[in-house]
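With these hints in hand, go ahead and build the complete structure from the sequences.
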Amino acid sequence: MRKRAAVLCGAAVVVAGTFTAVPADASDPQSAPTASAARLTWKKCGTADYPTLQCASLKGPLDHANPRGRQITLALSRVPHTAKKYQGPLLVNPGGPGGSGLTFAGFIASGLPKAVAAQYDVIGFDPRGVGASKPALNCKPGYFNPVRPDSVPSTPAIEKANLERAKSFAAACGRKYASVLPYINTISAVQDMDSIRRALGAKRINYFGYSYGTYLGAVYAKLFPHQVRRLVLDSIVDPTGVWYDDNLGQDYAFNDRHRALMAWIAKYDATYKLGTDPEEIEAKWYAMRAALAKKPAGGKVGASELEDTYIPGGYYNGYWPYLAEAFAAYVNSKNTDPLVDAYENFGAVDAAGDNGYSIYTSVQCRDASWPRDWRQWQKDNWAVYEKAPFMAWSNAWYNAPCAFWPTGSLKPVNIANGKLPPALLFQATNDAATPYEGGATVHRLLAGSSLVVEEGGGNHGITLSGNTCLDKYLAVYLTDGKVPRGGGEADAVCKALPDPKPLTAKTASTSSRGAALHRLLGARS
118 MRKRAAVLCG
128 AAVVVAGTFT
138 AVPADASDPQ
148 SAPTASAARL
158 TWKKCGTADY
168 PTLQCASLKG
178 PLDHANPRGR
188 QITLALSRVP
198 HTAKKYQGPL
208 LVNPGGPGGS
218 GLTFAGFIAS
228 GLPKAVAAQY
238 DVIGFDPRGV
248 GASKPALNCK
258 PGYFNPVRPD
268 SVPSTPAIEK
278 ANLERAKSFA
288 AACGRKYASV
298 LPYINTISAV
308 QDMDSIRRAL
318 GAKRINYFGY
328 SYGTYLGAVY
338 AKLFPHQVRR
348 LVLDSIVDPT
358 GVWYDDNLGQ
368 DYAFNDRHRA
378 LMAWIAKYDA
388 TYKLGTDPEE
398 IEAKWYAMRA
408 ALAKKPAGGK
418 VGASELEDTY
428 IPGGYYNGYW
438 PYLAEAFAAY
448 VNSKNTDPLV
458 DAYENFGAVD
468 AAGDNGYSIY
478 TSVQCRDASW
488 PRDWRQWQKD
498 NWAVYEKAPF
508 MAWSNAWYNA
518 PCAFWPTGSL
528 KPVNIANGKL
538 PPALLFQATN
548 DAATPYEGGA
558 TVHRLLAGSS
568 LVVEEGGGNH
578 GITLSGNTCL
588 DKYLAVYLTD
598 GKVPRGGGEA
608 DAVCKALPDP
618 KPLTAKTAST
628 SSRGAALHRL
638 LGARS
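So the sequence shown is numbered by this note's numbering: it starts at 118 and just counts up by one.
FYI, nobody ran anything at the bench for these hints, they're computed from the structure. It should be emphasised that the depicted structure is a prediction, and the values quoted were computed from it without experimental measurement. Hints are not guaranteed to be accurate.
Stated by the list, open to error - Below, simulated PhoX-like cross-link-like pairs (lysine-lysine); rule was C-alpha separation at most 20 Å, straight line:
1) K417 x K451
2) K277 x K496
3) K160 x K176
4) K201 x K231
5) K401 x K412
6) K401 x K411
Given below as structure tokens:
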């Protein structure tokens, strides 16, 4: 629900030019181009951060069972290889569903060691319906505009208001995209990925996905196992819980991360002056929430918007100092300005976010069955709320359109796979968005895979974020395909990076790889 980076190939273009893709001979004959490959026309679309990016587009069927029927367009990006040793395309995805992958290709290429990135064409793509791909879905612009009803349905009137919102969103999607929605799902996106592989002229692809992108990669590997050369999954979705159960599981993990933030604030009482007891600080946070439900800060930040603002702190602890300052200013000085600023930076949803949410719901509501009886949602979410109140009802309403979705549902894919080369998996023990059990489960389901665990880590998306231990395993794997073998549940363990410190004049203006990654990762999955 954070603001999204603008897609490429627009105003950020540095130089215009055209190239026709003719892949160099790959050192590995299995990644060499196929003789009958379609040819993509690449144009320069570099940005100040990623000047070597190129963009292209690929037409394909809306319905892969009817390849001559209605066509859609996929937006692609590329950072081309520069080394003599060429290991083929590396498709990358930031998650969501609904995350744009165009800029993400530049991030991955710049984050890998130069000698490693130089061996790959790093390929980003906007999945069907996303960003620069056409058609791009936007079911109900401004759906998250403030101030929304309180997420906690403490009265029948509040529950009715939230239900009407969810129903109206599902209905709007059905009215605008009735002919498209049946084909916005993970399986169709995976079939698009294989179309990209063929257009690139590769017999096999390498793949690197975060968050929902791990499920996307695992499903691709299940449906096209012989087209997978290397597979990297970071912060792993539990494929046995898509998507209703996975979302309930998130609620407990996010509650734990919110309490970790409270404990961190207690550690720095000299800075924030909110106390030294985490439970008392948490009580102050919920008191702030109750006050904002009655009088939104700046006319923008009510109780629901406060949750939108603090949920990103469960994804990435680099946001904690900013969230703590906003919290302290409100409680200690009755100053709402930092809280409004934090909402604008971390919680507000722009047009790209509206598009991302439209795809998020379209994919998750179509991928798997959801309870259609609202009484089941009430029972399950009140039970969660009693133990883990922080995100329980916010998450419920985020997914509630699926109770009223205008299409039927598909069956989740069993991603168990014994036909792959060794895959490399990364998982933090305290990840909230994709709890640790997901990584352990996929490790069991992908025969021959290797699991690298960040012990004590709570961030979502852990490679290429400054942890050199994790990045070493990634670089070795992408260089020569070697994975660690430990014999236990985890094949290798890396220590988590330390939590941040309170802001100073220096750190407040310093960007990091972790911050850059979390600006690019997709909506919550």
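Structure-based check of all given hints:
{"no.": "1", "hint": "K417 x K451", "result": "holds, 16 Å"}
{"no.": "2", "hint": "K277 x K496", "result": "holds, 16 Å"}
{"no.": "3", "hint": "K160 x K176", "result": "holds, 16 Å"}
{"no.": "4", "hint": "K201 x K231", "result": "holds, 13 Å"}
{"no.": "5", "hint": "K401 x K412", "result": "holds, 16 Å"}
{"no.": "6", "hint": "K401 x K411", "result": "holds, 16 Å"}
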